[in-house]
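Student: Chain A is already provided as a structure; the job is to place chain B on it using the hints.
Here's the letter readout for the chains.
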Amino acid sequence: MSALLAADLPYWVQSLLRVLGGVVAVLLPAGAIVYLFLFKMMSFMQSRLGPMEAGPYGSMQLFAEVGKWLQKEDITPERADRVIFKIAPLVVLASTFLLVAVVPFGPDAWFTNFEAGVFYMLAVSSVSVLGILIAGWSSANKYSLLGGLRAAGQLIAYELPMVLAVIGVIIQAGTMNLQGIVLAQNTGEMFGWNGLGNPYILTQFTGFIIFMIAVQAELTQTPFDMPIAESELVSGYMTEYSGFRFLTFFIAEFATAGVFSFIASVLFLGGWGVPFAWFGWTDIDSVDNWMNVVGPLIMFGKMMLLSFVIMWVRFSYPRFREDQLQRFAWKVLVPVSLVNIMVTAILKVAL
Amino acid sequence: MIATDLLVAQNVGFGIISLLMIIGAVRVVTVSNVVHAALWLVIVLSGAAAQYLLLSAEFVAITQVLVYVGAVMVLFLFGTMLTRARIGAESDLNNKNWFLGIPVALLMLGVMSYVIVDGFGSERLIENSGDMQPIPIQVISDDIFGPYLLPFWALSFVLLVAVIGAIVLARKD
Numbered sequence: 001m002s003a004l005l006a007a008d009l010p011y012w013v014q015s016l017l018r019v020l021g022g023v024v025a026v027l028l029p030a031g032a033i034v035y036l037f038l039f040k041m042m043s044f045m046q047s048r049l050g051p052m053e054a055g056p057y058g059s060m061q062l063f064a065e066v067g068k069w070l071q072k073e074d075i076t077p078e079r080a081d082r083v084i085f086k087i088a089p090l091v092v093l094a095s096t097f098l099l100v101a102v103v104p105f106g107p108d109a110w111f112t113n114f115e116a117g118v119f120y121m122l123a124v125s126s127v128s129v130l131g132i133l134i135a136g137w138s139s140a141n142k143y144s145l146l147g148g149l150r151a152a153g154q155l156i157a158y159e160l161p162m163v164l165a166v167i168g169v170i171i172q173a174g175t176m177n178l179q180g181i182v183l184a185q186n187t188g189e190m191f192g193w194n195g196l197g198n199p200y201i202l203t204q205f206t207g208f209i210i211f212m213i214a215v216q217a218e219l220t221q222t223p224f225d226m227p228i229a230e231s232e233l234v235s236g237y238m239t240e241y242s243g244f245r246f247l248t249f250f251i252a253e254f255a256t257a258g259v260f261s262f263i264a265s266v267l268f269l270g271g272w273g274v275p276f277a278w279f280g281w282t283d284i285d286s287v288d289n290w291m292n293v294v295g296p297l298i299m300f301g302k303m304m305l306l307s308f309v310i311m312w313v314r315f316s317y318p319r320f321r322e323d324q325l326q327r328f329a330w331k332v333l334v335p336v337s338l339v340n341i342m343v344t345a346i347l348k349v350a351l
Numbered sequence: 001m002i003a004t005d006l007l008v009a010q011n012v013g014f015g016i017i018s019l020l021m022i023i024g025a026v027r028v029v030t031v032s033n034v035v036h037a038a039l040w041l042v043i044v045l046s047g048a049a050a051q052y053l054l055l056s057a058e059f060v061a062i063t064q065v066l067v068y069v070g071a072v073m074v075l076f077l078f079g080t081m082l083t084r085a086r087i088g089a090e091s092d093l094n095n096k097n098w099f100l101g102i103p104v105a106l107l108m109l110g111v112m113s114y115v116i117v118d119g120f121g122s123e124r125l126i127e128n129s130g131d132m133q134p135i136p137i138q139v140i141s142d143d144i145f146g147p148y149l150l151p152f153w154a155l156s157f158v159l160l161v162a163v164i165g166a167i168v169l170a171r172k173d
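Taken in sequence, the protein lines are chains A and B.
In terms of the UniProt record's numbering, the first sequence opens at residue 1 and continues consecutively.
In terms of the UniProt record's numbering, the second sequence opens at residue 1 and continues consecutively.
Keep in mind that the hints were calculated from the coordinates and are not lab data.
A portion of the hints provided could be inaccurate.
[As the list claims (entries may be wrong)] Result set (DSS-like, lysine-lysine): computed pairs, CA atoms no more than 30 Å apart in a straight line: (1) K72(A) to K142(A); (2) K331(A) to K172(B); (3) K172(B) to K142(A).
Keep in mind that this is a model prediction, so the values were computed, not measured.
With the rest of the complex left out, here is chain A (with noise of 0.2 Å):
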């Protein structure tokens, strides 16, 4: 496996296999994610089967709602600015796809090694609420371009708090490259026991519990989901796009909610590693090889169970009002993750 990532191949190679493991690392929780969460898991939490017809327990539902949605036929509103209703989804979809390539999934195998990788996910994730905002601009719609601000809005207050967040990981960690997170958490000791590591959930339980909040507000998901309220709006920024691009956009976001699950997991559970104390490794390259393949899995289970968190969230509470979502950003979240970088610096001096 290490071969296959390291400097044996040519550079046109190893480029080919790591966009093609970057495809996978975005689709493949996107597709996971719809199926067992939004078609399973949301019918079973309202007492009812779900899909059941396509293939064994409705296991093949995912290709009969592509091949859908590709025959549907591509409509563009007559007075919708058509260029630029294009690109939007598109926008969108390529935030999510510079996201993920900043992500660990174990000692060699990386996309990009980025020293400020917790940075770059920042501002790239910044990058689809332009997407979104031209989106609901084009369509030439009301309800698309009340939509696309109620989304700005959002979008904006609460990627304030999500970088507050993170600040305190940065603190504890010492540093901004995602891998040097995950080092510095299996390498750690909890009161000179290094049997777990130290993850830093325990630790930066209320930074975990911000950047999840923010996440949710961040993916537009319910009770954050105040820009594609339907009762109100149609269905906010997305109401004009039809078949493969309403596609685009709904693959974005369950890919999005995947690639912060594993963002998520890298910053506060521990990233792709076990406790490096389990196996005797005191660095990254003593880390033996075959982590490049049970890394990815561990990172696949720790992703799963986070997405587990945001569709349960999703599927439990009502929609916030959106001047109480804005409250909620800027009066809780934001005060409170500046106490916690402010007592995770005090304890990082002091201890």
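Tutor: Below, chain B alone, put in the same frame as chain A:
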């Protein structure tokens, strides 16, 4: 010697990105729709980020994306869409005094070039032998928060004043 210098991949990339940026910059002032102009500006600003990446100034490039593409342009579009952003061409976008902008732009170009040449004209990039390593972020933060700590604080006070001013202006009572 010159030919080998010119044909490295960075230079080709620099040329392509610069061309895109110039086209984008010209389109910003020539298109007849506010939102289109803003989107061309996004291309120019992301082009600047790509140029920073080519110089392996990773941190500055990411900051460029975070601040300009992710925040400034989003707020810009947000504001435009809340007030006036019709679909299609608008005839009254061009001010009839637009030619006055040309000497101002040329003056700005001259002043900027003079300042940069005067300030950094004698400095050379470290000879790059194969792969340039990006500067660690710890070094950057030590540089910013060491000698420039006081200006940084002063800047944050300016921002605070701006925030308070915005609140005062927006309050109804």
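Student: Going back to the hint list, which numbers does this structure go against?
Tutor: Structure breaks no hint.
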